[in-house]
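Let the hints inform the model, and build the full structure from the sequences given.
Number 141 in numbering that gives the first Met the number 0 belongs to position 142 of the sequence shown; there are no gaps in the numbering.
Calculated directly from the structure, the hints in this document are not laboratory data.
Wrong hints could be hidden among the right ones.
Unchecked claim - For lysine-lysine, the following DSBU-like pairs were computed, each having C-alpha atoms within a straight-line distance of at most 30 Å:
id : residue 1 : residue 2
1  : K170      : K158
2  : K457      : K438
3  : K116      : K139
4  : K430      : K443
5  : K430      : K116
6  : K357      : K443
7  : K212      : K139
8  : K170      : K236
9  : K309      : K236
10 : K453      : K430
11 : K141      : K116
12 : K255      : K378
13 : K116      : K205
Claimed, not checked - Cβ-Cβ distance ranges computed for the label pairs, FRET-style:
id : residue 1 : residue 2 : range
14 : V449      : S143      : 51 to 59 Å
15 : P273      : A208      : 20 to 28 Å
16 : N151      : H82       : 23 to 31 Å
17 : S397      : A243      : 29 to 37 Å
18 : A243      : V114      : 47 to 55 Å
19 : P478      : G189      : 49 to 57 Å
20 : E451      : G188      : 53 to 61 Å
21 : W178      : S359      : 32 to 40 Å
22 : D410      : A126      : 33 to 41 Å
23 : Q395      : D63       : 27 to 35 Å
Glycine included, each C-beta is placed from N, C-alpha and C at the ideal position.
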Amino acid sequence: MKGIQFFLLLTVTVLVGGCSGKVQNDKLTNRAEKPNFLFIFSDDQRYNAIHALGDQTLQTPNLDRLVRGGVTFTHAFNMGAWHGAVCVASRAMMLTGLTVWEAKNAEAHFDSMAVQKKFWPQQLMEAGYETFMAGKWHVKVKTSDVFHHVVNVRPGMPKDSPEGYNRPQTKNDTLWQPWNTTYEGYWAGGKHWSEVLADDAIGFLKQAATIEKPFFMYLAFNAPHDPRQSPKEYVDKYPLEDIALPESYLDIYPYKDSIGCSPQLRDERLAPFPRTPHSVKTHIQEYYSIISHMDHQIGRILQALEESGKMDNTYVIFTSDHGLAAGNHGLLGKQNMFDHSVRVPLIIMGPGVEKGTKLSQQVYLQDIMPTTYELAGIKKNNQVRFNSLIPYVTGQLSESVYPSIYGCYMDLQRMVRTQEHKLIVYPTARKVLLFDLKKDPYEKTDLSAVPEYKEVLKSLIVELQRQQKVLNDPLDLTPFFREISAL
0 MKGIQFFLLL
10 TVTVLVGGCS
20 GKVQNDKLTN
30 RAEKPNFLFI
40 FSDDQRYNAI
50 HALGDQTLQT
60 PNLDRLVRGG
70 VTFTHAFNMG
80 AWHGAVCVAS
90 RAMMLTGLTV
100 WEAKNAEAHF
110 DSMAVQKKFW
120 PQQLMEAGYE
130 TFMAGKWHVK
140 VKTSDVFHHV
150 VNVRPGMPKD
160 SPEGYNRPQT
170 KNDTLWQPWN
180 TTYEGYWAGG
190 KHWSEVLADD
200 AIGFLKQAAT
210 IEKPFFMYLA
220 FNAPHDPRQS
230 PKEYVDKYPL
240 EDIALPESYL
250 DIYPYKDSIG
260 CSPQLRDERL
270 APFPRTPHSV
280 KTHIQEYYSI
290 ISHMDHQIGR
300 ILQALEESGK
310 MDNTYVIFTS
320 DHGLAAGNHG
330 LLGKQNMFDH
340 SVRVPLIIMG
350 PGVEKGTKLS
360 QQVYLQDIMP
370 TTYELAGIKK
380 NNQVRFNSLI
390 PYVTGQLSES
400 VYPSIYGCYM
410 DLQRMVRTQE
420 HKLIVYPTAR
430 KVLLFDLKKD
440 PYEKTDLSAV
450 PEYKEVLKSL
460 IVELQRQQKV
470 LNDPLDLTPF
480 FREISAL
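See the structure below:
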C-alpha cells in the first residue's frame with residue numbers, strides 16, 4: 000500500500016469535522032449508545048428508479064417510505080471502473096475508502112489489508128459492532144475474513160442463459176420470460192434470490208434483537224441486475240402499453256464501438272442492434288418488475304427491524320453500486336458516463352435525520368462508509384479518501400466539498416461534472432461531449448462546438464486534468480486536449 004497518495008479533499012474533511020469524531024449534532028453523533036446500521040445495497044439501480052424520486056411508473060412503496068422518512072441525496076455518483084464489471088470497482092471503493100485507481104492497484108493486496116483490518120466492516124468490528132453479511136459480494140477478499148456472520152454469498156450476477164440475449168426480436172418472441180424458472184438465474188436453488196436475502200436479513204435481525212452490542216448489516220441484493228427475473232404477478236404490474244420510451248431513446252448510439260459498448264460487451268448484447276421500441280420497452284418492463292419485487296423484500300426487512308425493537312436506534316441506508324442505461328441513448332448497460340449510469344439513489348433514514356429532506360450537493364455513494372464512522376464516533380483512518388455526509392444533513396455545509404465529480408471507464412471514457420455542466424471525453428473516437436445540465440438534464444444536446452460554450456468547455460477540460468492528477472489517473476489526455484485547443 001506504500002506510495003498511495005492522499006485524496007486532495009481529505010483535508011476538507013478534517014476542516015469540516017467529517018469522521019473526525021467531533022460532535023456535529025447531538026441527535027446524530029452524541030448519543031448514549033452507538034447506533035445500529037442496516038445497509039441495503041442494490042445493483043444497477045439508477046438515481047430515479049424509485050417512484051418517489053422521479054419514475055412515476057414504478058411501484059416502490061417501501062423505498063418511498065425511506066424517502067419520506069429520511070434524507071435523500073439526489074446527486075450521488077459512482078466514480079467509475081477499470082473493467083466492464085463496474086460493480087467490482089464501486090464495491091471495492093465502498094469497502095476500502097480508496098478512490099477508483101487506488102482500489103484497482105490495491106486489489107491484489109486485499110488479503111493483507113484484511114489482516115490489517117482495513118475494511119469497512121472490520122473498522123466497525125473494532126469499535127464493538129456485531130457484523131452481518133448476506134447477498135452479492137464480488138470483492139477479492141473472503142467475506143468470512145471481514146464479517147462476523149455470513150450466509151448465502153452470491154456471485155456478481157446470477158447465471159444467465161443464451162436465450163436471455165438478443166431479445167426480444169419481435170412481439171412474438173416470448174421464449175425467455177422473467178418468471179420461467181427453467182433458466183434458473185435468480186431462481187437457482189428453488190427460491191428467488193431477493194426473497195432469500197430478505198429471509199437472511201430477518202434471521203439476522205432476530206439474532207440482533209438478543210445481542211447487546213450494536214450491529215452493522217450489509218445486505219446486498221443482486222437485483223435489479225440482469226437476468227431481470229421476477230414472479231409473473233410483478234411483471235403484470237407493468238403492461239407494455241403503459242411504458243414510455245426513455246427521453247433519450249436512440250436506436251443506435253453513434254460512439255458505442257469506440258467507447259467499449261459494442262455488441263461484444265455482454266450488457267449490450269441483451270437487446271438486438273439496432274434497438275427497437277418494443278425491445279427497449281420489454282427490458283424496461285423487466286427492470287421495473289424486479290425492482291418492485293425487491294422493494295417488497297425491503298418491506299419485509301423493515302418490518303422485521305421494527306419487530307426487533309431496534310428501529311429507533313438504527314440508521315437504514317440505501318443505495319446502489321451504479322445506475323443503468325436500460326434503453327437510454329441506445330445503450331443497455333452501465334459502462335457509460337451519462338447520469339442514468341453513474342448516478343444512484345442514496346437515502347439515509349434514522350434518529351435525528353429530518354424526514355422527507357432532499358439534498359442536491361454532489362457526493363459519491365462511497366461517502367456512506369465515513370458517514371457511518373462519524374455516526375459511530377469512529378476516527379477515520381488515513382486510508383479513507385471519501386467524506387462524511389453528516390455536515391450536509393446537519394446544515395453545516397451548503398456546498399459540496401467536491402469541486403466536481405469525476406468519472407472513468409477503462410481507458411475509453413472520462414467525465415467531469417459540476418452542478419451546471421458535464422464534459423464527457425471519448426479518446427478513441429477523438430470526441431468530446433458537453434452538456435448544459437440545467438437546460439438539458441437528459442443529456443441529449445452536445446454543445447461542445449457551440450461558440451457560447453467555448454469557455455465552459457475550456458474550464459471543464461482544465462478541471463478534468465486536475466482531477467486526473469489528484470486521482471492518479473493512468474490515462475494521459477494531454478495530447479488529445481492539445482489537439483482540441485488547436486481546432
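Exercise. Is the gap between the beta carbons of E451 and G188 within 53 to 61 Å?
Worked result: holds, 58 Å
Exercise. Would the pair K255 and K378 pass a check requiring their Cα atoms to be no farther apart than 30 Å?
Worked result: violated, 44 Å
For this session: Note whether the CB distance of W178 and S359 lies within 32 to 40 Å or breaks it.
Result: Given about 39 Å between the Cβ atoms, the range holds.
Problem set entry | Cβ distance range 29 to 37 Å for S397 and A243, holds or violated | holds, 35 Å
Exercise. Are the Cα positions of K116 and K205 separated by 30 Å at most?
Worked result: holds, 27 Å
For this session: Measure nothing beyond the straight line between the CA atoms of K170 and K236; if it is 30 Å or shorter, mark the hint as holding.
Result: Distance ~19 Å between K170 and K236 Cα, so the pair holds.
Exercise. Holds or violated: are the alpha carbons of K430 and K443 at most 30 Å from each other?
Worked result: holds, 15 Å
Exercise. Holds or violated: are the alpha carbons of K309 and K236 at most 30 Å from each other?
Worked result: violated, 33 Å
Exercise. Can the restraint linking K457 and K438 be considered satisfied, given a maximum Cα separation of 30 Å?
Worked result: holds, 19 Å
For this session: Given the hint that K116 pairs with K139, test it: the Cα-Cα distance must not exceed 30 Å.
Result: holds, 15 Å
Exercise. Is K141 within 30 Å of K116, Cα to Cα?
Worked result: holds, 13 Å
For this session: Go ahead and decide if the range 23 to 31 Å is satisfied by the Cβ distance of N151 to H82.
Result: holds, 26 Å
The structure fails to meet hints 5, 9, 12, 15 from the earlier list, while all remaining hints are met.
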